[in-house]
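K.L.:
Sequence:
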Amino acid sequence: MIPALREQFNRRFTAEKYAHFLAMLDSVSGTHVDFRCSETPVFFPTELLERMAQYGIELYGQLAANPAYYRASEATIPEEYRVPNEAQHPLFVQADFGLVEAEPGRYDPKLVEIQGFPSLYAFQTALARQYKLAYGLDESYDPFLGGLTEESYLAMLRAAILGGRSPEDVVLLEIDPYHQKTLADFLITQRLTGIRIASITDVEKRGRKLYHEGKPIERIYNRVIVDELARKNVPIAFRFSDDLDVEWAGHPNWFFRLSKFSLPWFHHPSVPWTRFLNQIEVLPEDLDHYVLKPLFSFAGLGVKIGPTKEEIAAIPHSERDQYILQEKMDFAATIHTPSGPTKAEIRIMYIWDGAALHPVNTIIRTGRGKMMGVDFNKNLDWVGASAGFHIS
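The working numbering numbers the first residue of the sequence shown as 982 and each following residue consecutively.
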């Protein structure tokens, strides 16, 4: 993205520095980070990240101003997971972009998907800090967006999670959190906020109240992926649809409302052609240039790049409203590494600050496979999770 910085980083890189970086990351996380972190951060021109951040705000604004979308998205929430007292806006939003080369040296962001669910807000700060320390990067390299500093970013994150509650009244809720790959983020979040980490299987219900280890839960920082909960048939003591006396830091309904379901509703230059599968009367002839996606899978499960007509025909008509067909973007390999050109997917992270959607940070995923997921980049180096620094 910034050739001089990329060349300088590659020239100064050593395997020893990378090993030191990983060791430091494990140490600050309080656990082994159980997913691959790239050898390198990614350096972006400030203008490009700001453009992506603005696109995400515009995209959410289109949905928020569209009553028809809100009514239609009611159907995306399964009754057993429809949580009462829905927040008017999602507290956490993620907008994922890839980059296409519009002309030599100029890149345009294209939306991959948008989510109304929290991500690695605490871990990314630690990741960026360890890149700086391990590689001796300039302190002016900035991972934060929206004019935030590390101090103001962490203060905003604490406020969003706690919502004015005492830390002992708040839990981070997940399915078996101590065996999740994202445990590092949970532990850093706990140190940052003082809240408890709770497995949903350990939560008790008494009347309208929830309890963890005998203590009442007043507010939940929700990290439970409903898709995983249903797929694994996890036994729990309450129903999401229960009228509970609890606040949600990240109301669960927005997992469904702001999702791949949103994609066909957008009218924006950053959004590729996308349609619900059940609304396509004639399939495109050349399906190699399209991607088939289930609406509510996570981490790339069920996504088919270049689906065949036979694969689409195998989907029952009654289930086709649960899929989208999207034009495939040829994302540019913008990161030059010793192992070859590498692509980046840029997640712009937002927090609703009470009045507006505020861009705060990024998650960068890099890869050379068909997709950015771990399964598509096995046994490769210079790929994986990364941090983004913007340089003015």
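If you are wondering where the hints come from, they were derived from the structure by calculation, not from laboratory data.
Glycine included, C-beta positions come from ideal geometry on N, C-alpha and C.
Heads up, a few of these hints could be off.
DSS-like mimics (lysine-lysine), calculated; alpha carbons at most 30 Å apart, straight line [stated by the list, open to error]:
#1 Lys1213 <-> Lys1091
#2 Lys1290 <-> Lys1091
#3 Lys998 <-> Lys1213
#4 Lys1091 <-> Lys1285
#5 Lys1213 <-> Lys1190
#6 Lys1290 <-> Lys1162
#7 Lys1162 <-> Lys1196
#8 Lys1324 <-> Lys1309
#9 Lys1113 <-> Lys1091
#10 Lys1162 <-> Lys1091
#11 Lys1324 <-> Lys1091
#12 Lys1113 <-> Lys1162
#13 Lys1186 <-> Lys1285
#14 Lys1196 <-> Lys1186
#15 Lys1290 <-> Lys1309
#16 Lys1290 <-> Lys1324
#17 Lys1324 <-> Lys1285
#18 Lys1162 <-> Lys1213
#19 Lys1285 <-> Lys1309
#20 Lys1113 <-> Lys998
#21 Lys1213 <-> Lys1196
#22 Lys998 <-> Lys1196
#23 Lys1162 <-> Lys1186
#24 Lys1285 <-> Lys1213
#25 Lys1113 <-> Lys1290
#26 Lys1213 <-> Lys1186
#27 Lys1190 <-> Lys998
If you anchor each label on the Cβ, the simulated ranges turn out as follows [to be verified]:
#28 Ser1373 <-> Val1215: 31 to 37 Å
#29 Asn1214 <-> Ser1008: 21 to 27 Å
#30 Ala1000 <-> Glu1266: 24 to 30 Å
#31 Ser1373 <-> Ala1004: 47 to 53 Å
K.L.:
Compare the structure with each hint and give your call.
P.N.:
Status of each hint after checking the structure:
For the given pair, Lys1213 sits about 33 Å from Lys1091 by alpha-carbon distance, which is inconsistent with the 30 Å threshold. Restraint check for Lys1290 and Lys1091: satisfied, since their Cα atoms lie roughly 26 Å apart, inside the 30 Å limit. Pair hint Lys998 plus Lys1213 does not hold up; C-alpha atoms about 40 Å apart against a cutoff of 30 Å. At roughly 19 Å between alpha-carbon atoms, Lys1091 and Lys1285 fall within 30 Å of each other, so this suggested pair holds.
Restraint check for Lys1213 and Lys1190: the C-alpha separation of about 25 Å stays at or below 30 Å, so the hint holds. Distance check on the hinted pair: Lys1290 and Lys1162 sit about 35 Å apart at the alpha-carbon level, beyond 30 Å; violated. A C-alpha spacing of about 27 Å is found between Lys1162 and Lys1196, which places the hinted pair at or below 30 Å, so the restraint holds. Restraint check for Lys1324 and Lys1309: satisfied, since their Cα atoms lie roughly 15 Å apart, inside the 30 Å limit.
A threshold of 30 Å between alpha carbons decides the hint, and for Lys1113 with Lys1091 the separation of about 29 Å falls inside it, so the pair holds. For the given pair, Lys1162 sits about 28 Å from Lys1091 by alpha-carbon distance, which is consistent with the 30 Å threshold. Proximity of Lys1324 to Lys1091 is assessed by CA-CA distance (about 13 Å); at most 30 Å being required, the pair is judged to hold. Distance check on the hinted pair: Lys1113 and Lys1162 sit about 23 Å apart at the alpha-carbon level, within 30 Å; holds.
With a CA separation close to 40 Å, the supplied pair Lys1186 and Lys1285 exceeds the 30 Å bound. For the hint pairing Lys1196 with Lys1186, the CA-to-CA distance comes to about 11 Å; that is within 30 Å, so the pair holds. Restraint check for Lys1290 and Lys1309: satisfied, since their Cα atoms lie roughly 16 Å apart, inside the 30 Å limit. For the hint linking Lys1290 to Lys1324, the alpha-carbon distance of about 28 Å falls within 30 Å, and the restraint holds.
A threshold of 30 Å between alpha carbons decides the hint, and for Lys1324 with Lys1285 the separation of about 19 Å falls inside it, so the pair holds. Proposed proximity of Lys1162 and Lys1213 is supported: the alpha carbons are some 16 Å apart, at most 30 Å. With a C-alpha separation of about 11 Å, the suggested pair Lys1285 and Lys1309 falls inside the 30 Å cut-off, and the hint holds. Taking the CA atoms of Lys1113 and Lys998, the gap is near 11 Å; set against the 30 Å cutoff, the hint holds.
Proximity of Lys1213 to Lys1196 is assessed by CA-CA distance (about 27 Å); at most 30 Å being required, the pair is judged to hold. A distance of roughly 44 Å separates the Cα atoms of Lys998 and Lys1196; the hinted pair therefore is violated under the 30 Å criterion. The suggested pairing of Lys1162 with Lys1186 holds, with an alpha-carbon distance near 27 Å, which does not exceed 30 Å. Taken as a hint, the Lys1285 and Lys1213 pair is honoured in the structure, with Cα atoms around 22 Å apart against an allowance of 30 Å.
For the given pair, Lys1113 sits about 48 Å from Lys1290 by alpha-carbon distance, which is inconsistent with the 30 Å threshold. For the proposed pair Lys1213 and Lys1186, the alpha carbon gap of about 21 Å is at most 30 Å, so the pair holds. Restraint check: the Cα-Cα separation between Lys1190 and Lys998 comes to about 50 Å, which exceeds 30 Å; the hinted pair is violated. For Ser1373 and Val1215, the hinted distance range of 31 to 37 Å is not satisfied, since their beta carbons lie about 47 Å from each other.
In this structure, Asn1214 and Ser1008 break the distance hint of 21 to 27 Å, their C-beta atoms being roughly 37 Å apart. At roughly 50 Å, the beta-carbon separation of Ala1000 and Glu1266 lies outside the given 24 to 30 Å, and the hint is violated. Under the hint 47 to 53 Å, the C-beta atoms of Ser1373 and Ala1004, about 32 Å apart, miss the expected range.
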